[in-house]
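So the sequences go chain by chain: L and R.
Under full-length UniProt numbering, the first residue of the first sequence is numbered 1, with each subsequent residue one higher.
Under full-length UniProt numbering, the first residue of the second sequence is numbered 1, with each subsequent residue one higher.
To be clear, the hints were calculated from the coordinates, so they are not data collected in a lab.
Accuracy of the hints is not assured; some may be wrong.
To be verified - In silico lysine to aspartate or glutamate, EDC-like type, Cα no more than 16 Å apart, as pairs:
#1 Lys408(R) to Glu421(R)
#2 Lys407(L) to Glu430(L)
#3 Lys407(R) to Glu418(L)
#4 Lys407(L) to Glu421(L)
#5 Lys407(L) to Glu418(L)
#6 Lys408(L) to Glu421(L)
#7 Lys408(L) to Asp331(R)
#8 Lys408(R) to Asp331(L)
#9 Lys408(R) to Glu423(R)
#10 Lys408(L) to Glu423(L)
#11 Lys407(R) to Glu423(R)
#12 Lys407(L) to Asp37(R)
Only a predicted model underlies this, so the values are computations on that prediction, with no experimental measurement involved.
Number of protein chains: 2
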Amino acid sequence: MNVDIGNALSAVAAPGISRAALERLDEQVADAHERIDAGMEAGEHGYAALNLPNRTDTDEIRVAVDRVTGPDTSAILTVGIGGSALGAATITDALNDADDPEAIYLDNVDPDWLSATLDRLDLETTVLNVVSRSGTTAETLANFLVVRETFEEAGVDWTERTIVTTGDDGPLRELAERHNLPSLAVPDGVPGRFSALSAVGLVAAAVCGHDLDALLRGAAAEAETLTGSLFECPAYAYGATTYALDARGARTNAMMPYAESLETYAEWFAQLWAESLGKDDLGQTPVRALGVTDQHSQLQLYRAGPRDKLVTFVTVQETAARPIPDTDVDDLAYLGDASLGDLLDAEFEATEASLAAAGRPNVRIEIDRVDEFELGGLLYGMEAACVLAGELYGVNTFEQPAVEWAKKATRGLLGGGEFAEAEAVAEKTELRVER
Amino acid sequence: MNVDIGNALSAVAAPGISRAALERLDEQVADAHERIDAGMEAGEHGYAALNLPNRTDTDEIRVAVDRVTGPDTSAILTVGIGGSALGAATITDALNDADDPEAIYLDNVDPDWLSATLDRLDLETTVLNVVSRSGTTAETLANFLVVRETFEEAGVDWTERTIVTTGDDGPLRELAERHNLPSLAVPDGVPGRFSALSAVGLVAAAVCGHDLDALLRGAAAEAETLTGSLFECPAYAYGATTYALDARGARTNAMMPYAESLETYAEWFAQLWAESLGKDDLGQTPVRALGVTDQHSQLQLYRAGPRDKLVTFVTVQETAARPIPDTDVDDLAYLGDASLGDLLDAEFEATEASLAAAGRPNVRIEIDRVDEFELGGLLYGMEAACVLAGELYGVNTFEQPAVEWAKKATRGLLGGGEFAEAEAVAEKTELRVER
Numbered sequence: 001m002n003v004d005i006g007n008a009l010s011a012v013a014a015p016g017i018s019r020a021a022l023e024r025l026d027e028q029v030a031d032a033h034e035r036i037d038a039g040m041e042a043g044e045h046g047y048a049a050l051n052l053p054n055r056t057d058t059d060e061i062r063v064a065v066d067r068v069t070g071p072d073t074s075a076i077l078t079v080g081i082g083g084s085a086l087g088a089a090t091i092t093d094a095l096n097d098a099d100d101p102e103a104i105y106l107d108n109v110d111p112d113w114l115s116a117t118l119d120r121l122d123l124e125t126t127v128l129n130v131v132s133r134s135g136t137t138a139e140t141l142a143n144f145l146v147v148r149e150t151f152e153e154a155g156v157d158w159t160e161r162t163i164v165t166t167g168d169d170g171p172l173r174e175l176a177e178r179h180n181l182p183s184l185a186v187p188d189g190v191p192g193r194f195s196a197l198s199a200v201g202l203v204a205a206a207v208c209g210h211d212l213d214a215l216l217r218g219a220a221a222e223a224e225t226l227t228g229s230l231f232e233c234p235a236y237a238y239g240a241t242t243y244a245l246d247a248r249g250a251r252t253n254a255m256m257p258y259a260e261s262l263e264t265y266a267e268w269f270a271q272l273w274a275e276s277l278g279k280d281d282l283g284q285t286p287v288r289a290l291g292v293t294d295q296h297s298q299l300q301l302y303r304a305g306p307r308d309k310l311v312t313f314v315t316v317q318e319t320a321a322r323p324i325p326d327t328d329v330d331d332l333a334y335l336g337d338a339s340l341g342d343l344l345d346a347e348f349e350a351t352e353a354s355l356a357a358a359g360r361p362n363v364r365i366e367i368d369r370v371d372e373f374e375l376g377g378l379l380y381g382m383e384a385a386c387v388l389a390g391e392l393y394g395v396n397t398f399e400q401p402a403v404e405w406a407k408k409a410t411r412g413l414l415g416g417g418e419f420a421e422a423e424a425v426a427e428k429t430e431l432r433v434e435r
Numbered sequence: 001m002n003v004d005i006g007n008a009l010s011a012v013a014a015p016g017i018s019r020a021a022l023e024r025l026d027e028q029v030a031d032a033h034e035r036i037d038a039g040m041e042a043g044e045h046g047y048a049a050l051n052l053p054n055r056t057d058t059d060e061i062r063v064a065v066d067r068v069t070g071p072d073t074s075a076i077l078t079v080g081i082g083g084s085a086l087g088a089a090t091i092t093d094a095l096n097d098a099d100d101p102e103a104i105y106l107d108n109v110d111p112d113w114l115s116a117t118l119d120r121l122d123l124e125t126t127v128l129n130v131v132s133r134s135g136t137t138a139e140t141l142a143n144f145l146v147v148r149e150t151f152e153e154a155g156v157d158w159t160e161r162t163i164v165t166t167g168d169d170g171p172l173r174e175l176a177e178r179h180n181l182p183s184l185a186v187p188d189g190v191p192g193r194f195s196a197l198s199a200v201g202l203v204a205a206a207v208c209g210h211d212l213d214a215l216l217r218g219a220a221a222e223a224e225t226l227t228g229s230l231f232e233c234p235a236y237a238y239g240a241t242t243y244a245l246d247a248r249g250a251r252t253n254a255m256m257p258y259a260e261s262l263e264t265y266a267e268w269f270a271q272l273w274a275e276s277l278g279k280d281d282l283g284q285t286p287v288r289a290l291g292v293t294d295q296h297s298q299l300q301l302y303r304a305g306p307r308d309k310l311v312t313f314v315t316v317q318e319t320a321a322r323p324i325p326d327t328d329v330d331d332l333a334y335l336g337d338a339s340l341g342d343l344l345d346a347e348f349e350a351t352e353a354s355l356a357a358a359g360r361p362n363v364r365i366e367i368d369r370v371d372e373f374e375l376g377g378l379l380y381g382m383e384a385a386c387v388l389a390g391e392l393y394g395v396n397t398f399e400q401p402a403v404e405w406a407k408k409a410t411r412g413l414l415g416g417g418e419f420a421e422a423e424a425v426a427e428k429t430e431l432r433v434e435r
């Protein structure tokens, strides 16, 4: 990926960063890079994620996947939530076309939606992919139990079409061993939201026939750029700029890809950013947006609302040619000289310029096309940007302690033990206004 | 809908609002209500939207829809963007089940995605629904021209299956007259983002067989509650609370329904809030979230990040029973006593309480179930809340002037005339960091 931070400069935008401040920040980047480099070298928790391009064994993934797939495979149903779903979904939603097996993600416990999803699947040709590091994630295990029962009730042997990705022990590991299921490891030292380039993110892509090695090569090419200077490394340029803008008031970061196929990528980014940096009362709030659609929804706010936002565009250099037919309506004749891709490009450039003209900071991330290599680079680049930002904020990028309270309360509410958190739920302060 | 603002009180949360401040705010609400009531009475621009439950002619919509649908209708393809798509999409995504015609929205100009969408449709049984007030919206007209050509190339007569919703004049109105297409009016005085309860939002719902009258009845029941006090009107309680919290530092509003079928509703809300209130450097930034999924993505930030957020939950009182099968894994046995609906409910209550325990403000919106009546009430309630908030902010709720710059620049870039905005695009400040 390439990054253009020109529209984040104080010469253009407020909040913005001056070139002098960028030079000073680059010294902090050099220090942070030393820390990151040492963490990678030692395979430390979290930093280890940045080694995945050279560590993930794609042969092992393909061998496991080959045991449960065949030429008639129609769907890959992944049961997982958060980092166990979003990386994989980002990759298949970006790369799948109509001929590939459909990739579906059970990442919610809504009963109506689950039933509707299962009802429409041909279970005989569906591969089941269960992902949970601990093997005890409530949502994932509840969904898995329901899905397994559905297979059994349909007379379809789930043990012949299930692949498991989990930690070294726990209920899912035991299940895999008991039923001799193909299984893969959630890599040590890699938090879920940083695991897209491991088996966690790649099983579904493998089932759909995508080139895992090209994904890793794209990531490795990005890893090559990790140096001590934001001026030489697109990932660090992005991480440092967002940190500096947040400090100057851009508390919100709207991630706005100009490609429908990257809609899920924006969700993946939102998890990466929120869980990694949102702690100690710090952290920029990620907002998921989509070009051009959200020009007709969010642009008014981005351009004329509070000056507390950065908009990050992702733009794809090569798009398909799909000419817009001529029309005899005078007012629309200009469309007939263009393709849909031209219109998309013009809308992107116009929106970017409209924010700059209003002094609103924005950053452009460019990828050549939506393919394995470029996508691998984008995901790796954003992860490295996030790790850098975490160093600059001085937070513990790789933990997410604030979600534990609700997990305990949920378990207590369902009778899974005694938890003070569950008792606190009953003490809710009410001020009800009813129809 | 019912609203519970107990967790937004300063006794619970910071930022929070004291009961005394709420009492004072209620005087402003009374004044604002007078203004709103007078606007509704006079049918003034924007305020007129709140009259739709008593104004929309559902017979007219059904008659128009009957001309293009039949028992074999498999899909309804809506070509529109922003307010011309999101209201309709909210309704069909909430209410459709597997037996209904598929509702698809072409609300982007991505050529790969458009081609993939058209390729998989059975055009012979697809109804086309083109929506644009002006009849000149670039994205909508470009997509329409491509779709029309695709029908023609497939030898399918588009004039027999196209319905148009547009203003009194313009290219789409002329098209409808020339080809004698069934056509409906975008109602006067109703901005797109407030038009869900008019033909703009209801054509697709009618094609999918939903009860338009129940949608309007639900909205009318909510309209009945519009009084001069936030303590008596759920919509005003919500609008006033969000305004007061924004003033106290909750600059972001995360809309988090606990129902997969309401995911699009959160997008609709985000447009309503952003375009209506995002002006004059004011306006709360809407964020789209989804329970329980985003507990594993955004909750860390909401609970431990900056104290600049309100989380708005939408919870559905009745959910389907789908028991979780028993398991012999001790650590998971507690799940076997519950249904997926129980788990969903427990996760919602736990998440709400976890934010309160951390002193983070949140509001609960309750609907009984996801059906026409309740959904109509929810949409109307949020619109009324938004209009009230606009009065309290003192902004022009019903305009969106900041999007014009990019529209002119786009047109200029494509050779549709001379625009200074298009020339500004070329002057971009660059600071590129390349791989």
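Evaluated hints:
1. Lys408(R) to Glu421(R): holds, 6 Å
2. Lys407(L) to Glu430(L): It is violated: about 23 Å lies between the C-alpha atoms, which goes past 16 Å.
3. Lys407(R) to Glu418(L): violated, 58 Å
4. Lys407(L) to Glu421(L): holds, 9 Å
5. Lys407(L) to Glu418(L): Measuring from Cα to Cα gives roughly 13 Å; hence the hint holds.
6. Lys408(L) to Glu421(L): holds, 6 Å
7. Lys408(L) to Asp331(R): holds, 13 Å
8. Lys408(R) to Asp331(L): Holds: Lys408(R) and Asp331(L) sit about 13 Å apart, inside 16 Å.
9. Lys408(R) to Glu423(R): Given pair Lys408(R), Glu423(R) holds - Cα atoms ~11 Å apart, limit 16 Å.
10. Lys408(L) to Glu423(L): The hint holds at about 11 Å.
11. Lys407(R) to Glu423(R): holds, 13 Å
12. Lys407(L) to Asp37(R): violated, 45 Å
This entry does not satisfy hints 2, 3 and 12, going by the numbered hints stated previously.
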